[in-house]
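These are the residues of each chain, in order.
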Amino acid sequence: MNLEYAERYQDFRLKVRAFLEAHKPDKSLLEAPPAERARWLTLQIEHGYWARTIPKAYGGHGAEPDLLETVIMDEEFNRAGTARGMMAQGPSMLVPTLLEHGTEEQKRRWIGPTLRGEILWCQGYSEPGSGSDLASLQTSAREDGDDFVINGQKIWTSSADTSQMMFLLVRTEPEATKHAGISYLLLSMDTPGIEVQPLRTMSGDLGENSFNQVFFSDVRVPQTSVVGNRGEGWKIANTTLKHERNSLNANAEGTLLRLMKLMHSETVNGVPAMASPVYRDRLMKLQARVLSMKHHGMRMLTCSLKHESPGVAGLVTKLQNCQLNFDIAALAIDVMGELGGLYDHTRYERDRGFWQVHSIFSLGLIIGGGTAQIQKNIISERGLALPREPKPAKA
Amino acid sequence: MDFGLSEEQLLLEQTLRGFLADRVPITRVRALRDEDCPNDRAIWRALAELGMTGLLIPEANGGSDLSLLDAALVAQSLGHAVTPTPYLSSAIMLPIALRDLAGAEPAGWLNSIASGELTFGVAVTETFSVREGAGLALSGGKLSGKAMMALDSCSADQLLLAIDDDTLAVVRSGTAGLTQSRLSTIDSTRCLAELVLDAVTPEAVFEGAHDAIARMLDAGRIALAADTLGACEAMIEQAVVYAGQRKQFDRLIGSFQAVKHLCAEMIAELEPARSLLWYAAHSFDALPAEAPLMACHALAHISEIAREIASTSTQVHGGIGWTDEQNLHFWFKRIGVARHLLGGPEFLRGRAAELQQLTAAA
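Protein chains in written order, with my numbering: chain G, 6 to 400; chain C, 658 to 1019.
These aren't lab readings, by the way, just hints derived from the structure by calculation.
One thing to keep in mind: the hints can contain errors.
Estimated spans, in silico, between C-beta atoms of each pair [what the hints assert, rightly or not]:
hint: 1; chain 1: G; residue 1: A181; chain 2: C; residue 2: V994; range: 55 to 61 Å
hint: 2; chain 1: G; residue 1: Y10; chain 2: C; residue 2: D722; range: 24 to 30 Å
hint: 3; chain 1: G; residue 1: R263; chain 2: C; residue 2: R698; range: 51 to 57 Å
hint: 4; chain 1: C; residue 1: E947; chain 2: G; residue 2: D138; range: 43 to 49 Å
Only some residues are given here: those of chain G computed to face chain C with a beta carbon under 8 Å [what the hints assert, rightly or not]:
hint: 5; residue: L73
hint: 6; residue: R285
hint: 7; residue: M289
For every residue, glycine included, the Cβ atom is placed at its ideal position computed from N, Cα and C.
Please work from the sequences and hints to get the whole structure.
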């Protein structure tokens, strides 16, 4: 056990800090015009703070992978209050998948513009009848000459309305068994036959994410758009999902500090919430859980650095973190009492509605990226080697 | 950056677990519940031969001068095997207290603990919780009063007593005016006693022991959290084995999601708590300013998840888990009694808030 960083990492941290002081933009990337966003991302790539380990030939910085450098960059960008690179489905899920399974041409064509935010991607996985049981998906891609013709429907498609491209799973081999008939395709969103409809969720109009349904009627796409081999889409998608689960770790420590601030300022009958032993006890319970997850993260990081498998301990993070975030928001809402439900930037609303948004999105994350119940199946079957549920006998 | 156990620590744990499985199996623990005191001297001497009792004792006194994380791993293994032994009091709390009392070791106590010839009981309950009119007073060099739930104190050779939060005293077992009587709890694997003193002459009195008492309590809380975590590990292991063997409705019960999800929930609570415990134990030596808060959080949190795990593991076993014969209750009871020995979760969370000056808000 040694929690100090070696000297070269301390130097690296100072370098990142100096870069941010010199170049940090005034406003968030989300609000910046695309050209400005691309300039900022390109500058980060040149200095090696974004796409650090992606080969130069594909538009990255071309450095050797070093997990501690990644951690330090994330910490310093967080500290500076600005996003490192771009948190979007293209860079976090498609790029690693292309690097592992794409052709040379696909890598050269898509990775660079995706990293620079010039092309935005959405993910076409879930369908109305295929959520947890994703491999049962029914959207079909029928072979027709050099093309596939797609028919079907996707749901829970974040940012489909603002994306230029979609990576999606379709059934190309109708005769094959469930998992073997799926292919992974890349598709331009302006192809004729695609209709995007917004999906209104329980968060209403607030929040950072927009979900959609996407309908496909005779959508034509060249067969060269397949990533990897035909029929191997399930295996390839699992690479992508692995990247998604890694990206679902929210910053509970920062949210807890925000809750503590709220408990100092929020008063009822003239007394601050922090002075209530009941609220304080709940806060301390949450603080212990936050500390557990923080140090659990450090333990998992150490396992990665040593190339050791963390075993079952590595499978519990998503389940525990998502519930913890929901519970932190729940205490904040309780502390605000009858004002806790205020929303839509109504008068008296606290923190511009952050806590209700955080509560509803945390609930979404408990479900999204593999529900809590699916996580418990994974933990017990892969982590504890308990027997799988027997398949029902065929009628 | 390395947040994990060293090769040496893993080896220590492996050695001890092998020894306990071999020499102190559950049949031995069962037999000891019929003794007047379960703290069997043969086990204590064998732990000393393995070097376990001297981990926190300086090399000059025959110990190995290691860290609290090492000692916590031992405590965890002892909880895992529900071993009756005065490790918490004699090998952890006493050496830590003496470390902070310069020149306070007149009688070779540390050497004798490292060699397994001596045991110490520790009475500190009244520093955080006074019930039944308990409390000690020193008057004219004589000690009088009562101490409750004193750790490992019915058969120990010496007793370390907290008179108040700034004064410690050592009293020899069997001294005139001292009555040591065991208080039987549901947990037959731990010795707890009531000490009644009537003008007892102490072997030693230490004034200005405020820091020593605080450090001893922090170390004790971290070690007790480790003991409870080890007991939780054992209860989860037993539940998983049982769920993978027991059949009902022509199926292994572990294939039912109603059962396997209970097992997943237990391990999902345990593993992050293990990370918290490692950090708390590490902080005790490396980041001492953080240790009081970490000790409170680690023990409170682990006590809370342990109650759930103890209940859930028993339920996974069904009716057989509730029988005496299945032995699972030894772990359930160890966890249940440990929950309040050095401050229960509510007290510890209140203390955690105080340490961060959050109670000043009113």
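Can you give the numbers of the hints that this structure goes against, from lowest to highest?
none
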